[in-house]
Amino acid sequence: MKYVDEYRRPEKILRLRDAMHQLVSRPWTIMEVCGGQTHSILHHGIDQLLPDPVELIHGPGCPVCVTDTSLIDQAIELALTPGICLCTYGDMMRVPGSIESLFSARAKGARIEIIYSPTDAVTFAQQHPDLNIVFFAVGFETTAPASAAAVLMAEALSLDNFYLLASHVRVPPALEALMQNKDCRVQGFLAAGHVCTVMGYHEYHQLAQTYHVPIVVTGFEPLDIMEGIYLCLRQLETGKHAVENQYRRCVREQGNVHAQEAIHKVFQVVDMPWRGMGVIPASGFSLNRHYVHRDASVLLQHAPTTSKTNTNDPCLAGQVLQGIIKPPACPAYGKSCTPEHPLGAPMVSSEGACAAYYHYYGHL
Amino acid sequence: MNQDNFNCPIPHHDDERISIAHGGGGLMMHRLLEKTIFPRVSPEQAHASQDSALIADSLALSTDSFVVSPLFFPGGDIGRLSVFGTTNDLAMVGAEANYLSLGLILEEGFPKCDLERILASIDAAQKEVGVKVVTGDTKVVPRGKGDGVYINTAGVGRLINPVLRLAPGQVCDGDHIIVSGDIGRHEASIIVARKEFGIEADIASDLAALTPTVRKLIDAGLDLHCLRDLTRGGLGSALHEICHSNRKNLSFVLDSEKLPLSQEVNSLAELLGFDPLFMANEGRFVAFVSPADSEQTLAIMQSMPGGNAAAVIGTVRQEERSQVWVKSAYGSEKKLPILNGDQLPRIC
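Going down the list, the protein sequences come from chains A and B. Using the numbering used here, the letters of the first sequence correspond one by one to residues 1 to 364. Using the numbering used here, the letters of the second sequence correspond one by one to residues 1001 to 1348.
With the rest of the complex left out, here is chain A (with noise of 0.2 Å):
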């Protein structure tokens, strides 16, 4: 397949697994911020190929993972609602609430559509004018601007049954947010290529220069992610912590700026919880005044809650988001906590760094 078997290619790939093995005289510890790059890495094998020292350890970028209990619980309540559909991407739906899941949801009888493009829900809306239409947007910056499209097309068409339930949440607070804990190991990053596709990373100049980190834009392909833990490493071996751009083909500095627009019309930047690891400051959008009316909390029927946290819980998935531990660490790993019934985020989607764990290497 043109644009990627190019990037899947063993040549050049087992070139930079040697050129690595000559370049590392001592351990290093690099997080892939990006769920993404985790299932990639683990999909192919690409731990195996790296020198004993490198540590990987599996960031919190997973959408899914990090989508706060509250939001889930909210969506299946407009779900459950008379009147009401809720669209959503498709691996939101296994993802547990403090009761129950989507997928539970509508074995119940809730009114759940899965949709690919968030314009597909405007779509649906159009055609459904009986029915109130909520958008179940999730997602980092990459999925952001196409929610802000789908506001955007909703007011085009001036459709009164058009809803966002907004949870949306963006990457540099939490990079910053790990770097600040006493505890945090990681010593370079891989950016996350989709993320910075919209983004840039003009941003990540200054956490570079802050926390003394190279950081490493990188995209998902084999060849990409072996080429960036080099690039990596390269920086961390002359002692050196710049932002560099593995990802060239897609990720210009100042991003995609359209993009960037479309967000900053729709969207304010708010604090947001994340799941396991709380609110984190201004790291997430909610709708801006402008759009307030699109907001799906008009509809609900019970104020909006915070989700509780159990610190019985034997789940330590705030430590293994944080990259403190990894996945088989947890006491719950493979015993309480499975895919079938995770009770931490990273077990959810097959992007989390627990399910990945459980995916590929089972119960150890």
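These are calculated hints, taken from the structure and not from any lab test. Some clues are possibly wrong.
[To be verified] Taking lysine-lysine and the BS3-like style, the derived pairs with C-alpha atoms no more than 30 Å apart in a straight line are:
hint, chain 1, residue 1, chain 2, residue 2
1, B, Lys1139, B, Lys1258
2, A, Lys2, B, Lys1327
3, B, Lys1139, A, Lys108
4, A, Lys12, B, Lys1335
5, A, Lys12, B, Lys1327
6, B, Lys1139, A, Lys335
7, B, Lys1139, B, Lys1112
With the hints as your guide, set chain B onto chain A.
Quick look at chain B alone, frame taken from chain A:
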């Protein structure tokens, strides 16, 4: 933000209702079978893990239900599927179907011309595979209580070679694993036909009768050990089922480079974030064969219509625990994940 904030808020909960994922051919479906269905109605079958039962010395029985949507799709329709679905299940234990029952559940308002089209397709399929519909039943449910038409068929067939036992327990260390054609086309064609994701592609289902290929393999006297048709859950789920029911601590090692995959299916899978190993097929099977007969098995499969992409995709090896491994082009080996419910398009 401090460490205390990093607690997981998700409580444990059990499924109290059936969800779509229970029918996906993956882990959830197997748990439903093992924990809920088998213990109540058929405890002796709990570890059988076969799609057909041997009911007498050389007789096999199987049943299958068909709820596909849309009813007509590129490469087939629910009628043709309802015949081959059951005759293929019989073929996997080495039986050639002789008789079928046909149960039709029709929804009020269903167009009669569509029903006639489906019946014509059933008739053509039964002639093609040499089976006869000899009994049946028809029910009509109120509008909104069905999806046009659901079909159930059951089939009885005779073993082609009465002494040949094809089962997971027959798989041996060193066996070659051979797949009878390119994978994932049925699911890909259904995804395109449903128009759910706005994807346009020219992909026809692989729907086909497997009996002719199986008869040729058995008639050639090949040392076949186990056959399994790749339906819901795809090749990956079929391999897991066989691996975990052979009870001999055998592992399967797949070579990811050898998996036969058409460009169209590969592109669609990449676009949606699906793994083709877990995409459904309706005219493909996997065979476990002794290495000495691997070449001839492959040649027969490749000579059959639609079988030109058949390939040896892996081998069986003795290990401490039964596992399915996938070897990458870079030499690394990874466990093949177990499909949980249905595959769902990923967000990014």
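Evaluated hints:
no. : hint                  : in the structure
1   : B:Lys1139 / B:Lys1258 : violated, 46 Å
2   : A:Lys2 / B:Lys1327    : holds, 22 Å
3   : B:Lys1139 / A:Lys108  : holds, 26 Å
4   : A:Lys12 / B:Lys1335   : holds, 24 Å
5   : A:Lys12 / B:Lys1327   : holds, 18 Å
6   : B:Lys1139 / A:Lys335  : violated, 46 Å
7   : B:Lys1139 / B:Lys1112 : holds, 14 Å
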